[in-house]
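There are 2 protein chains.
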Amino acid sequence: MPTPRPIRATYLIETAFPLEQATEMMAGEQSSGTFVKTPGETDELKEKHAAHIEGIEVVGETNQPSLPKARVPKGVTNPTYQQAKVTLSWPLENVGVNLSNLMATVAGNLFELAPFSALKLLEITVPADYQKAYPGTQFGTAGTRELIGMDDRPIIGTIIKPSVGLSPEQTARQVETLIEAGLDFIKDDELMGDSPHSPFEQRVDAVMKVINRYADRHGKKSMFAFNLSGDIDDMLRRHDYVLKQGGTCVMVSLNWVGISGVAKLRQHCQLPIHGHRNGWGLYSRSEAIGLDFPVYQTIFSLAGADHIHTNGIRNKFCETDESVLRSIKSCLNPTGGGYPVTPVISSGQWAEQAHDTYQAMQSADLMYLCGGGITGHPGGLAAGVRSIQLGWEGAMKGQTIYDLQDQHPEIQQAIELYGNK
Amino acid sequence: MPTPRPIRATYLIETAFPLEQATEMMAGEQSSGTFVKTPGETDELKEKHAAHIEGIEVVGETNQPSLPKARVPKGVTNPTYQQAKVTLSWPLENVGVNLSNLMATVAGNLFELAPFSALKLLEITVPADYQKAYPGTQFGTAGTRELIGMDDRPIIGTIIKPSVGLSPEQTARQVETLIEAGLDFIKDDELMGDSPHSPFEQRVDAVMKVINRYADRHGKKSMFAFNLSGDIDDMLRRHDYVLKQGGTCVMVSLNWVGISGVAKLRQHCQLPIHGHRNGWGLYSRSEAIGLDFPVYQTIFSLAGADHIHTNGIRNKFCETDESVLRSIKSCLNPTGGGYPVTPVISSGQWAEQAHDTYQAMQSADLMYLCGGGITGHPGGLAAGVRSIQLGWEGAMKGQTIYDLQDQHPEIQQAIELYGNK
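These protein sequences, in sequence, are chains A and B.
Heads up: the first sequence at position 298 corresponds to 298 in the working numbering, and the numbers run straight through without jumps.
Heads up: the second sequence at position 354 corresponds to 1354 in the working numbering, and the numbers run straight through without jumps.
Everything labelled a hint here was simulated from the structure, so no lab data went into it.
Each statement offered as a hint is correct.
Covered, in the sense of this in silico footprint (three residues per stretch, anywhere, with C-beta under 8 Å from a C-beta of chain B), are these stretches of chain A: (1) 69 to 80; (2) 89 to 98.
Simulated crosslink set (DSSO-like; lysine-lysine; CA at most 30 Å straight-line): (3) Lys1316(B) / Lys74(A); (4) Lys316(A) / Lys1074(B); (5) Lys1209(B) / Lys1244(B); (6) Lys1316(B) / Lys69(A); (7) Lys48(A) / Lys85(A); (8) Lys1046(B) / Lys1085(B); (9) Lys1069(B) / Lys329(A); (10) Lys316(A) / Lys1048(B); (11) Lys1048(B) / Lys209(A); (12) Lys1085(B) / Lys316(A); (13) Lys316(A) / Lys1069(B); (14) Lys46(A) / Lys85(A); (15) Lys220(A) / Lys209(A); (16) Lys1069(B) / Lys85(A); (17) Lys1048(B) / Lys1132(B); (18) Lys69(A) / Lys1069(B); (19) Lys316(A) / Lys397(A); (20) Lys1329(B) / Lys1397(B); (21) Lys1046(B) / Lys209(A); (22) Lys397(A) / Lys329(A); (23) Lys1329(B) / Lys69(A); (24) Lys1329(B) / Lys1132(B); (25) Lys1209(B) / Lys48(A); (26) Lys1209(B) / Lys46(A); (27) Lys329(A) / Lys132(A); (28) Lys1316(B) / Lys48(A); (29) Lys316(A) / Lys1046(B); (30) Lys46(A) / Lys1316(B); (31) Lys244(A) / Lys209(A); (32) Lys69(A) / Lys1085(B); (33) Lys85(A) / Lys329(A); (34) Lys85(A) / Lys1316(B); (35) Lys1209(B) / Lys1220(B); (36) Lys1329(B) / Lys1221(B); (37) Lys1046(B) / Lys1074(B); (38) Lys1074(B) / Lys1085(B); (39) Lys1132(B) / Lys1046(B); (40) Lys220(A) / Lys244(A).
Where is the CB? At the ideal position from N, CA and C, for every residue including glycine.
The shape of chain A in the complex, shown without the other chains (with noise of 0.2 Å):
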């Protein structure tokens, strides 16, 4: 009986070799062949751990290799460098259950590979035996609701402005107006961890002691993400801490703490981990090179993120919105064995993108953080939090901005402002 191989991994190729060759020496370096035949390859060894090639689909050609140094066969002087989406697979006996080795399997060396002008991974499946190692994402959007107190429409968010240089008390002072204004959920700038100028704790006790007595007071607990990226007993002790303020998130910088660093934090994590993707261009920028979402949705899922930034709809990065409303939508269902997560909608966002991610999407489970859709809005900052929700109640019914324009002030002002730029 042929081995089962469960683990996938499908890559965007570029090379000028010919491509059944090229994928079998990626089938190769990432099982149990190298670049010489190896006297313990068996066959046995073979039929039982080498991986296979489930797939070759041809989509392109170039004259002009994407990334340089690659090599072309020898003797080829005008090559044509074929680009195709190919599929290779793994038995779960290469791996074990191991995010880690998961990774070093179907990344590893390949990107290093000199047959290849491009190389991107673009998804990975895995087996439901990763699920039950690792219990991943905790809350996802409908614990993170509960926390807050509110319905079932998007969470609606802002960052503290300047992201570096305010003390606790300024920060504190900060997060006063924006629950006033009705906000849902502030978080730290990936920037601000614990420095001097504003120490974790402190900062917790200041922003907590607002929040808490709103809360008190209106019944409403807004959610503030304290990142506690850092060592890992840092982390933890962070955690306990927000825990014991009666803080209701923690956020993490997800490629600088890592994998097993944040699986390690949601083993102990009660409350929701906000995963902050920044360095998220290394992976995406280039379209030869890199990681593309659907892969680090499965990773960090499992790992235990319950939000991931996904980056939204005309953005003021360089991300198309194909790619993002891809992310979106990775999160919302994924497909390669991690969990639904919520994602995380921000940059340049305002009240007018809420009806096309909807539309997209048809879900709200989703947080959308505005920064000067909000704080620059004229009417001040109460106006830009009304001018938001209405625009995804709006949304959520069919109806653009400019269906509501005329019977609401917010959503004109903010025509106004933004509407042009």
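Assemble chain B onto chain A, guided by the hints.
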């Protein structure tokens, strides 16, 4: 008195915007600024917390943007993209002593900024506070040699092959042959972790039985790097098991375990940490996006690696010799505030590259891994190992293998086999 800014980062950028304006955007995004003027960004806060521009050096220009979707200034139709090295600096105040926050500050969202058609982080410098907080590299080359019981020459090693699929007993039999042939160091392939067909503890038992027996009889204890990569508690448990069985090294996939995970392992670890960089191509392969090796060396030597893979000259991947030598040098003489580590030279290595590597480095404080360069040797494994030793002995006296071939049949045979490849 101006705030000192001892954290520094140098980038290679490409942009169609005026260089000063583009660099100011980077500084703003990564410190107290944002896309728009924020009310709380007072002059006093900026004076204390804004990142400074330390230098801008033009290095080239192009009409073809290196990465797609970069924004150009309004009204510009035929943009010229300038390429420059730029250096930013930050006060320690902003970041604290925290490797995750350091990376969020020097890397963070920069790679996604729309005005850049290339952005690569070339090097970083951290103040001495980082070494005070992070004990880092524990054994280095001297400590590693001492554990093996060997002189001041390169540590010669190899990798178990096939990468995946051997049972613990098969692995141990291969280890026995390799240490009898005289190898100082043997490592798991990065694909081999703790999998059903080779459970970690069984592999340690089988391999250490062979190594301990040989050490008892012959006084030399070859080092085996067991790949313990995985979740934190599993890694600590596996480390303890290796230690208990008399093992002398553990290996970790730096990129997938992550910075916080490696630092946690280091706190607990009583053995050298062999840092495997699989996945490194994600950061290095493109000239337009990524991290250069000195950044990696700084971070992971502070986190605690003793050995870090660097590739070798005339390798089988697509890295240039210049880049490889820069990485090796960065391990031997780090300038970013990290610790010296053992560079692990591998890929396509045989006796020949010893001379050029030594000429470039004037140091034998390194690990030299050969696969086919040893196992493929026509005189057998022992002759293969001897050819590498002879190559290095000659190299340290200024001789090439071509100076040695007449005296040593092991060198002669190696040249006949590998010399024209």
